[in-house]
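Participant: Chains A and B, in that order, are what the protein sequence lines are.
So in this note's numbering, spot 128 of the first sequence is number 121, and the numbers just go up one at a time.
When you read off a place in the second sequence, starting at 1, and then add 48, the result is the number in this note's numbering.
The hints are simulated quantities; they were obtained by calculation from the structure and are not laboratory data.
Glycine included, every Cβ here is placed at the ideal spot set by N, Cα and C.
It is possible that some hints are incorrect.
[To be verified] Under 7 Å between C-beta atoms, here's a sample of chain B residues computed to sit facing chain A:
| id | residue |
| --- | --- |
| 1 | A90 |
| 2 | P103 |
| 3 | R106 |
| 4 | Y108 |
| 5 | G109 |
| 6 | G116 |
| 7 | F117 |
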Amino acid sequence: MPEIIIDGRRLKCEEGETVLDVCKRNRIEVPTLCYHEAIESWGGCRLCMVEISHPKWPGWSNWVTACLYPVQDGLVVGTNTTRVRRLRATVLDLLLARCPNSSVIQKLAAEYGVEDTNYEPRLDGDNCILCGLCVRVCDEVIGVTAIGTANRGASKEISEPLKEPPVDCIGCAACAYVCPTDVIQVIQTPDYRVIWDRTFDMYKCVECGISHITVEQKDWLIAKDNLPADYYDLCDICKRKHTAEKQKELSML
Amino acid sequence: MTLTVESVNSRIDEICADYPVDEASLIEILHDISSEYNFLPADALRRVSERLDVPIARVYGVATFYKGFSLTPRGKTIIRVCKGTACHVRGGDRNLDELQRILGIGAGETSEDLEYTLEVVNCVGACAMAPVVVENETYHRNATPTDMKRMITGEGSDEDEGGDE
């Protein structure tokens, strides 16, 4: 089992883990914006950069994204060195220029001593940092790939295909949920949900009447996971209640 | 030129028939569609998505990623004015100004009759011929505003092309 040293702490890790996995497990704080444990790491935001060296590489060190770099025995990692902090400050300076109005970015930047961006701030833009979490959750986790990226370079953006309300969307709002800067707007009422300029009817729990899933999402999940047609008739809370009652009955027997 | 969904669909089906039903065929198919229509019609992208079973979001991502693809109709003649360093220094801007004046369209635009599309590019790799203007596949060397007028209106013979200013 490989052992690595992070900020002076000798830590055991599993083969194939990334540096970030080890940091998370040992509560070593590394900032991230494009990372989510349910989604494959991408290394897009460059915020989790750490400094690495190894006894076998004398006098040599490098910066890598912790979320992508696999551990190897003897690796020495610095997560908060002066150089790392300076590098993250630059990344956050750039992100702040892109999204000067995002409170998430403002807060992170301030932690690294960046109060005002040194670059030309983009005043007319939204708070999207192009981390791609919305696109990746839709593709990898939900499996519908309703949204994607359009263009490239400076004009790259998250976009509905053909700039039309996405036909494949099931209104699950996972994209809005994972968005680190809360860019994706969701309007939720008891009867419908509006997201990506599309309106989805809500499916209500037969017992308590709470709207817990969109009709499209229910149909999609039932078809995808081969579930019984009434699987989503109860919301999570009512389902738990039923399970608890059943268990109570069983224990009384 | 009006494109009906039916005509686009049947043409796309023909094009797709030449390629394996695989995501890897996508760019080749988009190239063929682009040569056919000079741009990528939205209906064509929808059909390709269906035929290859690739989400439309991904097709759209690829179609918008490459500079060589356009999602808006382009003219029969595509004029690319080089504004790379060498062409810029040797007066490429004057050629662009003249073309904009004659055609009545700006850089990146297409004339309403779909005859011309005017584009600005950063280098066509022919700096020794600067300033360069590319008309479809024809490279006009040492191009002058007078050459531009001749190129569009057809006045004068091609023999003069490339002459010194």
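Participant: Please write out, lowest number first, the hints stated earlier that are contradicted by the structure.
Facilitator: Of the numbered hints given earlier, those the structure breaks are 6, 7, listed in rising order.
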